[in-house]
Amino acid sequence: MPKVKVPRKSTAVDMTAMTDVAFLLLTFFMLTTKFRPDEPVMVDSPMSFTETKVKEEGVLQILVDQKGRVFVTADGADAREKIAKSLQDRYKITLTANQMENFKNTETIGCPISDLPAYLDLKREQRTDFDKTSKGIPIDSADNQLGDWLKSAYMANNNYQVVIKGDRNTQLDKVKRIFEILQDNKMNKINFITSLEARPKI
Amino acid sequence: MAAELGGDGGGKHKGGKPKGKKMSTRIDFTPMVDLGFLLITFFMLTTTMSKPQTMSVMLPSNEKVEADKENKVPESATITVIIGKNNKIYYYEGKTPDDAAGLKETDLSANGLRKILVAKNAPYITRIDELKARYPDKKDEETLKKAIQEVKYERLATVLLMKATEKGVFSNMVDVIDEMNVAEIGKYAIVDLSAKEKEMLKTRNFE
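Line by line, the protein sequences give chains A and B. For the first sequence, position 35 (counting from the first letter as 1) is numbered 35 according to our numbering, and the numbering increases by one without interruption. Remember, our numbering sits 202 above the position in the second sequence when you count from 1.
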């Protein structure tokens, strides 16, 4: 049989177009997204079909995890600086300049005031370890530190939108206690963070 | 596999004396593409494009209101929902029943609380559906919203009083508010359990 030689065509593909697409996508993501803030605790938000979004800035988030530990995230480094100064006055502690800087740069904090200066001195990896066993900000009526945090936050920025990010298995007695503290501070308009699900049809 | 960079590959032979081999200036771009996609994957996984969703809630103010200044709500329009443990929901309509037998049980499924609320608020739901049919266009959205709010806040529209026991969980509260929104109930309040209700729950071992 005569050997039929199939003319071989080159299988090389010109990759220029692919590179362009890849870098375009990359630029898109770099410009339109923000890094997800790392929270000390992972929280599983309850599902709801509500679609309103959180404000971009000026949000005061109270994070309650499954065990009922409370962490506060206050938007805005300047606001956080004012909060730090206010907490110093209320509790008669002093933070060094370095600790102040760290406070300004930390988004989410949840530790009793007594541990705060030490916490601010820890490095990031040590902080994650600390947060695993941290008791969060105390909310019991004998030691209502959350109330002071809220008052300080309100003085720093009276337009904060208060948002509660709770785990779906957080017990309601903790949530009710947080409601009481909010009501005492006249913060009656709050929002819950939820994950989106489809709206059921009646 | 290679992109042209302008150099001619191969090149012509320059004559007898080989002056030095002309190197090909073709560069293989595959690793660049790999890097590009690696970076994309990194950014896709570590960033977030949108802010999370929220559900807004109004807490009642805890200042004491004068008895005569309180808005009197007709008892026929209220339904009290109590969140118990293990996703159990108890409810009753109107004023607190005298004994624990008056506490009815339901759950958060489609056949549970939703059916009860939809049944109770049915006339208002039909009116709101009519409004939605009357104003289907996007440009009438504002008028539609205002009209729906007016219907929801009418004097005899259903009012939901939400009470929670200690063992209930947060997702139950969010689900009750969701069912309320499905049933188009606009007036609600999150209040504390009364002593009588606590007694009733204890006798039926609910908590």
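Since the hints were made in silico from the structure, they are not lab data. No experiment lies behind these values; they were computed from the predicted model shown. Just to be clear, a hint being listed does not mean it is correct.
Each computed SDA-like pair below joins lysine to any residue, with the alpha-carbon atoms no more than 25 Å apart [to be verified]:
1. A:LYS189 / B:THR248
2. B:LYS389 / A:MET30
3. A:LYS53 / B:VAL275
4. A:LYS53 / B:LYS287
5. B:LYS348 / A:PRO200
6. A:LYS34 / B:THR243
7. A:LYS189 / B:SER396
8. A:LYS53 / B:VAL235
9. A:LYS104 / A:THR73
10. A:LYS189 / B:TYR390
11. A:LYS186 / B:MET364
12. A:LYS53 / B:LYS341
13. A:LYS201 / B:GLU368
14. A:LYS174 / B:PRO338
15. A:LYS34 / B:TYR390
16. B:LYS253 / A:VAL41
17. A:LYS174 / B:LYS354
18. A:LYS34 / B:ILE392
19. A:LYS53 / B:ILE392
20. B:LYS389 / A:ASN188
21. B:LYS253 / A:LEU122
22. B:LYS287 / B:ALA397
23. A:LYS55 / B:ILE330
24. A:LYS53 / B:SER396
25. A:LYS104 / B:THR248
26. A:LYS186 / B:GLU368
27. B:LYS354 / A:LYS34
28. A:LYS189 / B:LYS341
Quiz item: Where does the structure disagree with the numbered hints, that is, which hint numbers, in rising order?
Solution: 1, 2, 3, 4, 8, 13, 14, 15, 17, 18, 21, 23, 24, 27 and 28
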